[in-house]
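J.: Residues per chain are reported as follows:
Protein chains: 2
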Amino acid sequence: MTTHTNRRLVLAARPQGQVKPQDFRMEEVTVPAIGEGQLLVRNRYLSLDPYMRGAMNDRKSYRQAQPLNETMVGGTVGEVVESRHPKFAVGDVVVGGFGWQLYGVSDGAGLRKVDTRQVPMQAFLGVAGMPGVTAWVGLNRIIQPKAGETVVVSAASGAVGSVVGQLAKAAGCRVVGIAGGATKCEAVVKEYGFDACVDYKAGRLMADLAAATPNGIDGYFENVGGDILDAVLSRMNAFGRIAVCGLIAGYNDEPIPVNRFFQVLVSRLKIQGFIVSEFPDAWPPALEELARGVAQGRLKYHETIAKGLDAAPEAFIGLLRGQNFGKQLVELS
Amino acid sequence: MTTHTNRRLVLAARPQGQVKPQDFRMEEVTVPAIGEGQLLVRNRYLSLDPYMRGAMNDRKSYRQAQPLNETMVGGTVGEVVESRHPKFAVGDVVVGGFGWQLYGVSDGAGLRKVDTRQVPMQAFLGVAGMPGVTAWVGLNRIIQPKAGETVVVSAASGAVGSVVGQLAKAAGCRVVGIAGGATKCEAVVKEYGFDACVDYKAGRLMADLAAATPNGIDGYFENVGGDILDAVLSRMNAFGRIAVCGLIAGYNDEPIPVNRFFQVLVSRLKIQGFIVSEFPDAWPPALEELARGVAQGRLKYHETIAKGLDAAPEAFIGLLRGQNFGKQLVELS
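If you read the sequences in order, they're chains A and B. Each residue of the first sequence is one higher than the one before, starting from 1 at the first, in our numbering. Each residue of the second sequence is one higher than the one before, starting from 1 at the first, in our numbering.
Careful, some of the hints might be misleading.
For identical chains, the list gives no copy identity; a pair is met inside one copy or between any two copies.
Stated by the list, open to error - For lysine-lysine, the following DSBU-like pairs were computed, each having C-alpha atoms within a straight-line distance of at most 30 angstroms:
1) Lys307 - Lys20
2) Lys201 - Lys20
3) Lys146 - Lys20
4) Lys169 - Lys201
5) Lys270 - Lys169
6) Lys201 - Lys300
7) Lys190 - Lys113
8) Lys20 - Lys270
In short, the hints are calculated from the structure, not lab data. Predicted model, so just to flag it, every value in this text is computed and none were measured.
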């Protein structure tokens with residue numbers, strides 16, 4: 001057996017407010033020999049996702065707090081390089097949750113073999129993976145749009161939002177994105193096919209949103225929170241549905257007051273927070289539909305790829321600031 | 001035919017902030033003779049309800065704005081005093097929506113005959129009427145509590161809240177009320193049988209609510225909004241449900257920011273605003289269950305009865321300030 005040196009990033013300190021590079025620490029360790037029934041994976045791509053920010057806090061959240069001095073959690077895709085497991089062979093490509101490191105040892109639990117003949121490996125971390133399924137669940141299980149309704153998506157150019165919009169458009173809805181900056185907005189309309197996109201950085205959020213939603217809003221996929229949520233609430237139609245997937249504005253422990261909560265009563269809204277792992281029955285049909293969409297070229301996606309594990313902290317901080325475009329990945333060369 | 005003089009209160013001006021007595025105007029008119037297929041009702045009790053405050057505003061709400069110079073909307077119960085309608089006889093007791101006036105003419109649409117042999121007439125405006133059905137719908141259709149769960153109710157001593165608590169208790173829940181003042185809290189526990197009641201005027205809302213909900217909160221029936229909603233949000237368990245029935249704090253056009261909206265995501269909450277008229281299929285089973293509970297003495301209720309139509313404006317203002325205890329009625333003698 002070859003001896004492999006693993007490199008991994010652990011959580012060195014819980015962030016005080018904004019995340020800093022010093023909150024992480026690189027470690028090098030030798031990969032132990034695998035035992036019977038185990039396999040060794042060389043991770044090729046690491047997924048960076050907003051939920052990681054919540055996990056870094058040591059407080060009640062929807063997931064376990066990320067332990068200090070342990071490898072940062074995260075989704076990965078990579079190749080099996082050693083196997084003593086009957087169901088995995090060297091060369092298999094597997095999606096797993098090995099975290100911010102080059103290698104992972106597994107007994108196969110939670111690993112998913114993927115077919116990379118028509119879908120690139122890293123897409124299984126984005127459009128054909130957890131972010132895509134998140135979009136699918138929020139739209140199909142919570143918003144449940146009907147043809148002709150108006151669906152609004154915040155963080156519309158992101159890995160989740162761009163899929164929400166494309167799926168809603170395919171369902172016959174008018175689809176309006178909200179994104180930060182003219183470049184992202186242009187991509188939302190021209191590449192992802194949304195009917196309109198509101199640039200929240202342009203300073204006319206309420207007026208622009210009203211112009212883009214002449215018939216009001218029936219469904220809202222919430223990735224952001226704060227002022228954007230308030231603006232959307234003011235445009236919600238009776239019996240509107242809001243799927244709350246993320247609230248980036250709140251991850252730094254700042255309060256994010258909602259001023260127009262009264263609309264929940266006025267428009268008899270349904271609001272539901274969710275995390276995709278709690279919809280296990282949705283994964284198989286969602287993954288199948290999403291991978292097929294990618295293979296057939298119908299589902300568009302973008303990636304921002306940071307090079308090398310050392311670049312992960314800065315890439316993560318950029319993600320939290322909205323500096324990425326599309327799915328934020330780290331290539332673990 | 002006898003000639004009857006009707007007295008009615010119309011909306012004279014839309015309230016600027018707090019409602020004032022001068023926002024209403026008394027008018028006297030002669031009741032016209034009824035036509036074929038019509039009946040004349042002498043209203044005996046008028047129901048005063050928080051929704052009326054919303055109707056007084058001229059802005060998007062869940063109901064039509066109350067027109068200026070028209071009789072104020074409202075639920076009534078009274079006796080048929082003249083009838084040229086085959087299904088109604090003089091002496092029948094009918095629940096209707098004749099508004100703030102002594103007499104009402106109807107063709108029978110929307111009128112409901114009630115049996116007052118075991119349930120007093122005015123209870124059909126409260127526990128066995130719209131407020132009771134509101135409690136029933138919010139609890140059974142939105143919160144859907146399971147035995148052993150903790151259900152919290154704000155405005156717990158009110159016409160709606162007191163029914164919510166009694167129904168939830170009968171469903172095997174731990175039931176905690178929130179009310180203003182020691183007197184109301186005592187009644188909530190001793191008369192309505194809640195397990196505990198938090199006095200929000202005592203200045204220890206968060207601590208007292210935490211002590212009263214050691215296992216967190218699974219269901220919340222929201223009648224109030226504001227700080228109380230924030231306190232409850234901080235105690236909600238995963239997959240908690242919130243039925244938003246009223247938000248009194250917001251009716252005067254003041255913003256009511258919600259600071260802990262982040263809990264919607266953290267605890268994957270479902271929040272739903274509703275108005276009871278939009279659940280028509282719930283009314284028959286709810287009314288039957290509620291009237292039976294009253295007749296059998298299982299469902300307790302209180303009334304605050306203002307005497308005479310002239311007293312209605314002050315009674316309504318008192319209701320908005322929480323000065324009533326139980327269902328606020330006006331006896332139209």
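J.: So which of those numbered hints doesn't the model satisfy?
T.: 3, 7, 8
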